[in-house]
Structures are given as C-alpha cells and as structure tokens.
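J.: Given next are the chains, with one letter for each unit.
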Amino acid sequence: MSGLSIENISMRFDLPNGGSVQALKDVTLNIQPGELMSVLGPSGCGKTTLLNIAAGFLAPTEGRIAMNGHTVTGPDAERGMVFQQGALFEWMSVRENVAFGPRMKGEKEAQYAANVDHLLDVVGLQDFKEKAIYELSGGMQQRVALARCLANDPDVILMDEPLGALDALTREKMQSLVLKLWKETGKTIILITHSVEEALLLGERLLVMAPRPGRIHKEYRLPFADLGVGQDLREVKKHPDYSKTREEILAMIWDMEEEIMGRTEESA
Amino acid sequence: MIILLIYVAIFVGAFFAVKYVAASTTPKDYTSLKTVTFGDESAVRPSRAASIISVVSIFLLWAAFTGSSLIPSFLHAPGAFTGTGEFTYTVEAGGETDDATVTVNVHDKDADGTVPDVALGDGFAKNDSTSIVKYRSKLLRVDQNDEQGRDSGAQIVAVNGQAITPGGEVMTDFARVAMTPKGTLNIVPKTGWQMEPIWLPPPEDVAKRVSDIATDGFRNFTLLEHLGFSLFRVVVGFFFGALIGIPLGYAMGLSNWFRGWFDPIVEFMRPVPPLALIPLVIIWAGIGETGKIILLFLAALWIMAIAARSGVSGVNITKVHAAYSLGASKWQIMRHVIIPNSLPEIFTGARVAMGVCWGTVVAAELVAAEKGAGMMIMVASKFQNTDIVLMGIILIGVIGFSIDVLMRWAERILVPWKGKS
Numbered sequence: 001m002s003g004l005s006i007e008n009i010s011m012r013f014d015l016p017n018g019g020s021v022q023a024l025k026d027v028t029l030n031i032q033p034g035e036l037m038s039v040l041g042p043s044g045c046g047k048t049t050l051l052n053i054a055a056g057f058l059a060p061t062e063g064r065i066a067m068n069g070h071t072v073t074g075p076d077a078e079r080g081m082v083f084q085q086g087a088l089f090e091w092m093s094v095r096e097n098v099a100f101g102p103r104m105k106g107e108k109e110a111q112y113a114a115n116v117d118h119l120l121d122v123v124g125l126q127d128f129k130e131k132a133i134y135e136l137s138g139g140m141q142q143r144v145a146l147a148r149c150l151a152n153d154p155d156v157i158l159m160d161e162p163l164g165a166l167d168a169l170t171r172e173k174m175q176s177l178v179l180k181l182w183k184e185t186g187k188t189i190i191l192i193t194h195s196v197e198e199a200l201l202l203g204e205r206l207l208v209m210a211p212r213p214g215r216i217h218k219e220y221r222l223p224f225a226d227l228g229v230g231q232d233l234r235e236v237k238k239h240p241d242y243s244k245t246r247e248e249i250l251a252m253i254w255d256m257e258e259e260i261m262g263r264t265e266e267s268a
Numbered sequence: 001m002i003i004l005l006i007y008v009a010i011f012v013g014a015f016f017a018v019k020y021v022a023a024s025t026t027p028k029d030y031t032s033l034k035t036v037t038f039g040d041e042s043a044v045r046p047s048r049a050a051s052i053i054s055v056v057s058i059f060l061l062w063a064a065f066t067g068s069s070l071i072p073s074f075l076h077a078p079g080a081f082t083g084t085g086e087f088t089y090t091v092e093a094g095g096e097t098d099d100a101t102v103t104v105n106v107h108d109k110d111a112d113g114t115v116p117d118v119a120l121g122d123g124f125a126k127n128d129s130t131s132i133v134k135y136r137s138k139l140l141r142v143d144q145n146d147e148q149g150r151d152s153g154a155q156i157v158a159v160n161g162q163a164i165t166p167g168g169e170v171m172t173d174f175a176r177v178a179m180t181p182k183g184t185l186n187i188v189p190k191t192g193w194q195m196e197p198i199w200l201p202p203p204e205d206v207a208k209r210v211s212d213i214a215t216d217g218f219r220n221f222t223l224l225e226h227l228g229f230s231l232f233r234v235v236v237g238f239f240f241g242a243l244i245g246i247p248l249g250y251a252m253g254l255s256n257w258f259r260g261w262f263d264p265i266v267e268f269m270r271p272v273p274p275l276a277l278i279p280l281v282i283i284w285a286g287i288g289e290t291g292k293i294i295l296l297f298l299a300a301l302w303i304m305a306i307a308a309r310s311g312v313s314g315v316n317i318t319k320v321h322a323a324y325s326l327g328a329s330k331w332q333i334m335r336h337v338i339i340p341n342s343l344p345e346i347f348t349g350a351r352v353a354m355g356v357c358w359g360t361v362v363a364a365e366l367v368a369a370e371k372g373a374g375m376m377i378m379v380a381s382k383f384q385n386t387d388i389v390l391m392g393i394i395l396i397g398v399i400g401f402s403i404d405v406l407m408r409w410a411e412r413i414l415v416p417w418k419g420k421s
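Residue numbers (this note's numbering), protein chains in the order written: chain A, 1 to 268; chain B, 1 to 421.
It is worth saying that the hints were derived from the structure and are not from the lab. C-beta atoms are modelled at their ideal positions from N, C-alpha and C, and glycine is treated no differently. A couple of the hints might just be wrong.
[As the list claims (entries may be wrong)] Distance ranges between label pairs, derived from CB positions:
(1) L280(B) x E62(A): 50 to 60 Å
(2) A66(A) x V405(B): 53 to 63 Å
(3) F258(B) x D14(A): 21 to 31 Å
(4) A276(B) x E62(A): 50 to 60 Å
(5) Y134(A) x A17(B): 37 to 47 Å
(6) D153(A) x T35(B): 53 to 63 Å
Take these sequences, add in the hints, and give me the full structure.
T.: Here it is as structure tokens:
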C-alpha cells in the first residue's frame, strides 16, 4: 500500500503529578500520494502531536504509522518536515542550508548543484544564496526551509504551521508558493495550521480535529486548492462555497472552544 | 583627599567644557534625535572625549603628584622642602634666657648632605646645624653644645618666639618642630603634597624600569620570560581544560548517565574559587610548572564543561528534528548541528575561562614561583621596588585586556552567527 497510513493511533502519557493525558484517541487516516491535506483544530487537539508521530519524533502508545507499507519507527529523509521557525542552520549560508540533505547522504557538489540551484530559483532566492540566514526576512527564511525540504526529495512533506510567524501579506504570497510547489512537484503534503482561511485554501482535504482526547471530528474534500494553483487567492475566496464552508468550520471550532472553557469552569 | 577633589573637579569641569564644545559638532544621526535617553540603553554611547580625558587626567595626576619630569614643573603639586632652613629656640636656665639658631640642610637622598658650617654665636645657648634627607625627620639635642644644657636644668621654652612645652610643637616656615617629653627637638621638614617614590614612583621611573628589566632581567629572567611563562601556563592550562571540559560538557548535555554522574562534581567544583586550590596543588605537585598547569587546568575545566553543556542544552529542538528528517545520522547531527550551535556558548565560556586563568596564574605566582609576572611583583614588593610592582600591574592588565580583545576578535571571525538566531 502506498502513501502514508495512520492506523488506530492512540497516545497517552503520564504527568509528573500522577495524572495522565490522552493526547490522541483512535486516529485513523490514509493519505494518498500527491494529496494536500490541511489539519485544523483548537489548541490542545493533538494536531502537532499527530504530525510529530507521523514524522517519527514520537512513538504512539497504540496503533502504527506505515509509509509505503513499512512501519515508521523514527525520523527519516522520506518524510521531510517544515517548521514554523528556528529550524534553519545559522552557521550555514542559504545555499548550504538547501544542500544539507543531499550532503548528509554523501552526495558530491556536482551531483546536487543543479537541483539546489533550480530550487533556489523556484523559491526566488537565487540572488540571496550566499547570504547568511540571519540576514533574511522571515518570509525568505521560510522559503529556504521549503527549498531545503524539497532538495531532499521526500515522499511526504509535513508542515507544522509553516506560515504562522509571517505577516499577512507575506503569508498570502507564501500560500501561493506552497500551492505552486505542490502542483509542480506532486508531493504529498500534510499542513497543520491555526488559520481557517489557510486550511481552506491549502487543503484538498481538510481535517478538523477535536480536543480531549484528540480525535478526528470531521473531514472535508475541497476544490479551493486546485482552483488556487496559479490563481490569485483572493479570487478563490470569492467562490460561493468558500465563505459558507469557512463559516461552518469557524462555528464548529467555536463550539469546541466554548465546550473546553465550560469544562474548565466546571472543574474550577 | 585633595587628589580625589581635584579628580572630581576635572570630571565635572571636563563634562561642561566638552558639552559646550561638542554641542556644535555632534553628528545629526538617528540617536541624536531621541528625546528619551534616560533609560534607553541604546542611546547611551561612551563619550570618546570623556575616555581620552579620563586616561590623560589619571596620568596627569600621577605625574603632578610625583613631581614627574614629563610635565612642566608649574603643574607639579607642591613638593617636599629642600634647601636650607632656619629657626631659633629660646633656652631658659636659672632665670636667664638666651636665643640660638638652628640651621638645617634638607637635601635629596643622593645629593650633597653636608652639615652647614655655622658660628657658635654668643650667649650660653650656641647655634646648631644639621642635615636631613628629604622626607625624613631628625631628633636634635640642640642643648648639647650649649653652656647650660638639659643636664644642668636648662629648658627650651620657645621656638621662633612661640612657646613650646614637652609634647608640644611649633610650625616654622619649612618644618614642624616638635618637642619630645624629655625635651629633645624633633625636626620634621615639610613633605609637601607629592608622593614619595617608595610609595608612588613617577611615570618615567616606571617606564625606565620596563626597559631596564627588559634588557637586564629580574631575578635571572628577562621581562619577556617572566610574562611569557605566565602566558604559557595560562595557554597550556586552558588548552587541557578545554580539551577535557568541552567533551565532558557535551557528554553531560547528551546523556542522562553522564549528566547525573558529573552534575554533583561540576556543581560542587564550580563555586570553589581556583585560588582556594592553590595550597592543595602546592602540596600535591609542588611550585613548579606541573602544579601551576594543574591549577589552571582545574580553573578552566569546570567553566568549559558548563559552557559546553549549556551550548548543547541550548540547541533548538526544531533544528535537531529538522536535521533528522533531512536524513542526518547521529554523528552528522553532532558535527553539523550540535557543535556549531554550541560554539557561541563555548566562546563565551572560553573568554571567561581565559580571564579566570590569567587571574589565577598571577595569584599562584604570588604565592610561590621561580618566575612569572606574579612572582616578579611579589619579590619587588618585598624590596619596596614600587616601580617594578607598578610596572608589573600595568603589564598584567595590558595582557589580560589583550587576551580578551583577541578572544572577542576570534569570536567575531569564527562564530558570526552568535546571538542572531
């Protein structure tokens, strides 16, 4: 079976004070190759935990993750990761950062040079390739992170709120870039976000998770990601279904948040 | 006290002078437009003029109060009295009084110290003369050559016409004349405001010492050898401290077992001042090179271990995760992520360690050594060679400062990403 399959994942761990937390409960998912899936949910719903399990940084207490049929036991180059910020290496230039994966595989400069330069072109950083990371703006840094992940040619790209730290304008440009890269490379992408708009625009599939315990609440299949490729994203937002779906999901998340607040008030 | 007052006066005076002059020359940059500067750290820039005046005024005060030949003599503080001075004393014997004059030649230590020739004069009190070295005093039994001396009941009742009793004193124009309980006059020529060279030699004497010791050496070793040995000990001790300390710190940052095992040792040894280890190191390893290097090794070891440990702990977990998901092995993570990420911390630690080592080596040499900067000033102080002590302190300061500048320069070149993440 190809793609990434998440089979009956549960995650429970003990706290120092004697209690325990059920972070995830019985999550099952199948992501086909080439799919773009966004994951949305209120804080504490376990979406980052789920991504960390998929990346192999955390072990689930029950269930298993399978990648192209084999069980995932740890991080691997087949599952690339893009973080919100702080994951780039300040001691390397932009180009060295992008070439990190190939270099770790033992590839020689001649083997990876063309691909790295091509990717720098794609993300529009050809002129900045010799710059230090700390000389770039936040948006440029995230473009480096995307290029670095792609240079390694992973089967799946896991994105943990990659645009969360950017300002609204840069964010919109980066959303277009993500869509463009998805279409051009045909990679499987799982993207975690706090923003409902971003989840709608960048999700062929949209997963809404619910908290306590973290579980899948509802799944959507949406047309906006396909519409958005090579398009002005503001045009996509004019689509009649867009605002309808957005309101529906917002209401859903508001309900969850209120339920959490009610519960904490009861216990307090 | 007077020096402090002059110093404060220069401080305040220069402030207003510079403020007045600089008002027209300040660059019109962004900071100059800030209205809130009190509390805005970035708006506080060291005034270059103040730095220059500060250094110059220290040298000026030093030169002025030591009578240095480097500055014109009108800038000198009043010096000790030299030359010939006179005062009269009045003796009373059997109801009669008589005056006599005392002539004093106050002279430099190396200058001519002849006792002035004076006529005895008439009356039963005879004139006296004596010579006193500058800054010294002299007890003079002026009645010794008188016809009616202390033994026959004569008594000195006045100096320069002012009454004096045993235990009292009279100020004359060149000296303080005091009378001991037994009736002897103690002549203390005025010492002025200048410092005696054995307390504070003038700058040119210190400079001359540098060249003297640089060519002739001090205690069988030249100046360069003394300083070189101190530096050598620091470098070797620091090198071994870093050689063991950095891997130890890494191990503590990466392994539960190492952290648990060495935490109590490191946390206990870190607050022990290296100076407290000197006696033990001398007992164990003697006062030779081995002992010094062991001491400096111990001084650097804990600092470097803690720096490396916090360098590893400070690595952002997302960097490590990112490297793993880019396919890096444990060794590659170590080589390409953890080590470079910890370098800024290690450099900070190295700067601290070098400073501590430099202080420790001087202290260790003060206690016992055959050569070294600390030994040089310690031995010199025992012989009141204040100029060598001052020279040593200045050179120790210059070297310590140079080490720090060198480390900061190396840091800028080698870890330009420091503080940028």
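J.: State for each hint whether it applies.
T.: Results of checking the hints against the structure:
At roughly 58 Å, the beta carbons of L280(B) and E62(A) sit within the given window of 50 to 60 Å. Distance hint check: the CB atoms of A66(A) and V405(B) are about 59 Å apart, consistent with the given range 53 to 63 Å. Separated by about 25 Å at the C-beta atoms, F258(B) and D14(A) satisfy the suggested range of 21 to 31 Å. Range check, A276(B) to E62(A): about 57 Å between beta-carbon atoms, so the 50 to 60 Å window is met.
At roughly 43 Å, the beta carbons of Y134(A) and A17(B) sit within the given window of 37 to 47 Å. Range check, D153(A) to T35(B): about 56 Å between beta-carbon atoms, so the 53 to 63 Å window is met.
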